[in-house]
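Chemist: Please construct the entire structure, taking both the sequences and the accompanying hints into account.
Number of protein chains: 2
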Amino acid sequence: MARDDIDPTLLIKDMATRARAASAVLARETSARKASALMAAAKAIRTAEAEILNANEQDVAAARANGLSPAMIDRLLLDSGRIAAIADGVETVAGLRDPVGMVIDENLRPNGLKLSRVRVPLGVIGIIYESRPNVTVDAGILCLKSGNAAILRGGSEAMRTNRALHAALIAGITEKGLPADSIQLVPTTDRAAVGAMLVAQGMIDIIIPRGGKTLVARVQDEARVPVLAHLDGICHTYIDAAADPAKAIAIAVNAKMRRTGVCGATETLLIDQAYAHPAAVAGALLDAGCALRGDAQAQRLDPRITAASDEDWDTEYLDNICAVAFVDSVAGALAHIAAHSSHHTESIVTENAATAEQFLAAADSAIVMHNASTQFADGGEFGLGAEIGIATGRLHARGPVALEGLTTYKWLVRGTGQVRP
Amino acid sequence: MARDDIDPTLLIKDMATRARAASAVLARETSARKASALMAAAKAIRTAEAEILNANEQDVAAARANGLSPAMIDRLLLDSGRIAAIADGVETVAGLRDPVGMVIDENLRPNGLKLSRVRVPLGVIGIIYESRPNVTVDAGILCLKSGNAAILRGGSEAMRTNRALHAALIAGITEKGLPADSIQLVPTTDRAAVGAMLVAQGMIDIIIPRGGKTLVARVQDEARVPVLAHLDGICHTYIDAAADPAKAIAIAVNAKMRRTGVCGATETLLIDQAYAHPAAVAGALLDAGCALRGDAQAQRLDPRITAASDEDWDTEYLDNICAVAFVDSVAGALAHIAAHSSHHTESIVTENAATAEQFLAAADSAIVMHNASTQFADGGEFGLGAEIGIATGRLHARGPVALEGLTTYKWLVRGTGQVRP
Numbered sequence: 001m002a003r004d005d006i007d008p009t010l011l012i013k014d015m016a017t018r019a020r021a022a023s024a025v026l027a028r029e030t031s032a033r034k035a036s037a038l039m040a041a042a043k044a045i046r047t048a049e050a051e052i053l054n055a056n057e058q059d060v061a062a063a064r065a066n067g068l069s070p071a072m073i074d075r076l077l078l079d080s081g082r083i084a085a086i087a088d089g090v091e092t093v094a095g096l097r098d099p100v101g102m103v104i105d106e107n108l109r110p111n112g113l114k115l116s117r118v119r120v121p122l123g124v125i126g127i128i129y130e131s132r133p134n135v136t137v138d139a140g141i142l143c144l145k146s147g148n149a150a151i152l153r154g155g156s157e158a159m160r161t162n163r164a165l166h167a168a169l170i171a172g173i174t175e176k177g178l179p180a181d182s183i184q185l186v187p188t189t190d191r192a193a194v195g196a197m198l199v200a201q202g203m204i205d206i207i208i209p210r211g212g213k214t215l216v217a218r219v220q221d222e223a224r225v226p227v228l229a230h231l232d233g234i235c236h237t238y239i240d241a242a243a244d245p246a247k248a249i250a251i252a253v254n255a256k257m258r259r260t261g262v263c264g265a266t267e268t269l270l271i272d273q274a275y276a277h278p279a280a281v282a283g284a285l286l287d288a289g290c291a292l293r294g295d296a297q298a299q300r301l302d303p304r305i306t307a308a309s310d311e312d313w314d315t316e317y318l319d320n321i322c323a324v325a326f327v328d329s330v331a332g333a334l335a336h337i338a339a340h341s342s343h344h345t346e347s348i349v350t351e352n353a354a355t356a357e358q359f360l361a362a363a364d365s366a367i368v369m370h371n372a373s374t375q376f377a378d379g380g381e382f383g384l385g386a387e388i389g390i391a392t393g394r395l396h397a398r399g400p401v402a403l404e405g406l407t408t409y410k411w412l413v414r415g416t417g418q419v420r421p
Numbered sequence: 001m002a003r004d005d006i007d008p009t010l011l012i013k014d015m016a017t018r019a020r021a022a023s024a025v026l027a028r029e030t031s032a033r034k035a036s037a038l039m040a041a042a043k044a045i046r047t048a049e050a051e052i053l054n055a056n057e058q059d060v061a062a063a064r065a066n067g068l069s070p071a072m073i074d075r076l077l078l079d080s081g082r083i084a085a086i087a088d089g090v091e092t093v094a095g096l097r098d099p100v101g102m103v104i105d106e107n108l109r110p111n112g113l114k115l116s117r118v119r120v121p122l123g124v125i126g127i128i129y130e131s132r133p134n135v136t137v138d139a140g141i142l143c144l145k146s147g148n149a150a151i152l153r154g155g156s157e158a159m160r161t162n163r164a165l166h167a168a169l170i171a172g173i174t175e176k177g178l179p180a181d182s183i184q185l186v187p188t189t190d191r192a193a194v195g196a197m198l199v200a201q202g203m204i205d206i207i208i209p210r211g212g213k214t215l216v217a218r219v220q221d222e223a224r225v226p227v228l229a230h231l232d233g234i235c236h237t238y239i240d241a242a243a244d245p246a247k248a249i250a251i252a253v254n255a256k257m258r259r260t261g262v263c264g265a266t267e268t269l270l271i272d273q274a275y276a277h278p279a280a281v282a283g284a285l286l287d288a289g290c291a292l293r294g295d296a297q298a299q300r301l302d303p304r305i306t307a308a309s310d311e312d313w314d315t316e317y318l319d320n321i322c323a324v325a326f327v328d329s330v331a332g333a334l335a336h337i338a339a340h341s342s343h344h345t346e347s348i349v350t351e352n353a354a355t356a357e358q359f360l361a362a363a364d365s366a367i368v369m370h371n372a373s374t375q376f377a378d379g380g381e382f383g384l385g386a387e388i389g390i391a392t393g394r395l396h397a398r399g400p401v402a403l404e405g406l407t408t409y410k411w412l413v414r415g416t417g418q419v420r421p
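Chains as they are written, first to last, in our numbering: chain A, 1 to 421; chain B, 1 to 421.
Calculated from the structure, these hints are not laboratory results.
Take the hints with a grain of salt, since some may be wrong.
Intra- or inter-copy, both count: the list cannot distinguish identical chains.
Unchecked claim - Taking lysine-lysine and the BS3-like style, the derived pairs with C-alpha atoms no more than 30 Å apart in a straight line are:
no., residue 1, residue 2
1, Lys13, Lys176
2, Lys247, Lys114
3, Lys213, Lys176
4, Lys13, Lys213
Modeler: This is the structure in structure tokens:
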């Protein structure tokens with residue numbers, strides 16, 4: 001069943017060939033047919049609840065036997081509510097605006113040629129993820145909605161659950177006439193299959209890793225296929241001299257503590273030397289249960305603040321820990337961010353509009369905010385409907401990647417017999 | 001002077017560090033200041049004509065001594081007219097619309113957050129090219145106009161000319177206060193410097209090769225930095241059953257023969273079995289001096305047509321040679337293109353609008369045309385003002401890459417104290 005006997009390079013080549021054929025069909029499907037297929041998939045997931053839960057029980061039992069941590073088991077675990085939420089998510093994506101066919105711009109040339117740039121799917125997308133089985137569905141349907149074929153490679157500990165979810169997805173979309181190869185699940189737990197995906201240039205158009213830093217780092221290091229990802233979310237919140245004290249506290253506490261494990265959580269608090277109420281911000285974070293690691297000046301704010309090491313400025317804690325540094329005005333904040341940011345999300349708190357605009361213009365990150373919590377760094381919060389990930393690279397798509405980020409464009413040129421002089 | 005004693009990895013690291021610092025300055029320069037610097041650079045090139053011609057004479061003499069082909073020497077050679085054309089090109093780019101700061105879209109969220117996506121420069125761009133010295137100027141100024149720092153690595157045979165052109169460029173832009181490191185020329189002819197550029201991930205944001213297939217293939221094979229390029233331009237012109245006979249002849253002859261050495265030249269002519277006048281098209285091409293290599297059916301059109309081998313369908317001739325195949329309707333043409341295209345440019349000749357739209361939708365290439373010559377595949381012809389190259393990949397930019405393709409975007413979020421529930 002696990003098909004671990006198959007040569008991974010041949011396996012991925014075969015899957016990619018079938019994905020390419022499916023992508024050619026998907027690229028020309030109408031929005032209505034894709035939406036109808038997704039609605040059928042949602043229904044099929046609800047119908048298959050018992051099979052999915054049964055498969056998940058086996059995965060969870062094996063995970064417990066293998067000594068996986070409670071946190072990992074929680075990521076793996078499904079129940080009725082979680083399956084319903086997965087199906088709800090499919091219906092939400094079914095209703096999103098389809099980017100395929102959208103005209104980006106048009107241009108009538110003096111010689112009468114009519115040019116237009118039209119959005120088309122990327123083609124074949126590889127998704128490499130870990131133990132959360134919902135990614136099987138979430139990633140698969142975002143690819144399908146945007147007209148792409150998907151090759152999914154989930155974590156081995158979730159293999160039975162992923163297969164059950166995948167079977168339901170395929171049952172739904174094939175019922176509406178879409179190709180079964182639109183969404184394929186790599187049928188082996190052999191890690192060499194991941195390696196084969198990463199070097200499948202020309203066969204897989206883009207790889208999107210979903211998971212922890214170790215996974216993302218491996219993908220970025222080994223991939224010859226382009227990768228959309230973020231390795232770190234070392235986000236900064238800067239409290240300017242002209243910050244409103246109440247906003248400073250509310251934003252700092254929310255940016256750090258709302259959920260400490262998300263990539264948009266603030267990891268370093270920067271405070272202007274000239275800000276009048278730094279102890280109140282630090283105290284609010286400490287009182288909220290956050291450990292603070294500060295530079296020499298920050299340590300004097302509160303005896304509970306310990307000394308930061310050089311490493312702290314480059315650490316994504318994903319925990320209730322925050323580094324705190326004093327900086328000399330917005331220029332100092334920008335210099336600290338330029339030196340330590342992972343180019344994910346930065347925020348300034350200030351009532352000075354000119355300072356805010358300076359920060360927005362100069363901070364070189366995918367997302368730059370003014371008077372808002374860095375925890376808003378999310379495709380759903382940005383109104384994109386759903387996101388497949390957040391990218392901190394500079395090519396193709398930056399920040400939250402949703403349906404549009406899974407497309408490219410082509411140039412259509414409509415003439416009446418023009419030849420070039 | 002050639003600095004071939006320097007470790008190429010350290011050299012590129014040093015250049016990239018200086019480029020990154022320059023790019024941070026350039027990213028915030030106004031359009032007016034960038035345009036003014038480019039106008040000064042154009043003037044400096046005109047002023048330095050004698051030095052440039054002197055350097056070029058030395059390069060050309062060395063090239064002759066080294067036995068370079070007349071075609072290569074012509075690519076290398078400058079004269080007064082060519083220098084004036086280079087300076088004219090700088091002035092044209094100075095006047096183009098600056099993409100930096102353009103708002104792609106805006107979105108007011110229900111919680112009051114104002115989102116906007118704003119174009120920003122990519123950062124540091126590496127250009128690797130061969131013997132045409134004009135690329136030193138063309139590529140450098142397109143990068144500068146779009147707010148990027150450039151690292152240029154030209155061919156060793158043009159080194160003296162490139163240095164003279166580069167010195168004039170830098171004299172012009174520094175006169176207007178822009179950083180001297182905005183456009184850097186790799187000072188060594190050591191080929192290892194190219195290798196060092198290709199693996200400078202995180203230091204160089206994108207590599208654009210300009211030159212022959214050997215260069216592009218090496219760059220694509222070795223690069224870990226993302227590459228924007230096209231390896232081949234295996235472009236197709238398809239004559240549909242419903243083609244207008246006069247347009248069919250005019251477009252086929254122009255698409256193939258206007259200039260055979262450009263990447264948008266048609267390399268394969270596909271003719272519908274049901275087209276009534278195939279011999280007239282073939283005859284016109286033959287009479288225009290084009291050798292035709294046909295499948296069995298095509299060979300019967302004219303005794304001058306020789307037999308095509310399997311390789312012909314995958315060959316970019318860049319010469320007055322054309323492959324000719326009969327296909328069964330637009331579906332057959334699309335199948336041939338799917339099997340053999342390099343995803344550059346395809347064109348259909350037909351008076352049937354529905355067939356045309358089918359072809360435009362289904363042909364998976366960067367540029368797809370109806371009743372127009374594939375030789376229009378060019379940034380200038382597309383109204384982009386200037387192009388740095390044509391990309392056949394699917395990520396980031398596709399087709400002619402001009403100023404917009406040298407930018408990315410960031411998300412700006414303007415709030416009034418919002419925190420995430």
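Chemist: Taking each numbered hint in turn, which are not upheld by the structure, reported in ascending numerical order?
Modeler: 3
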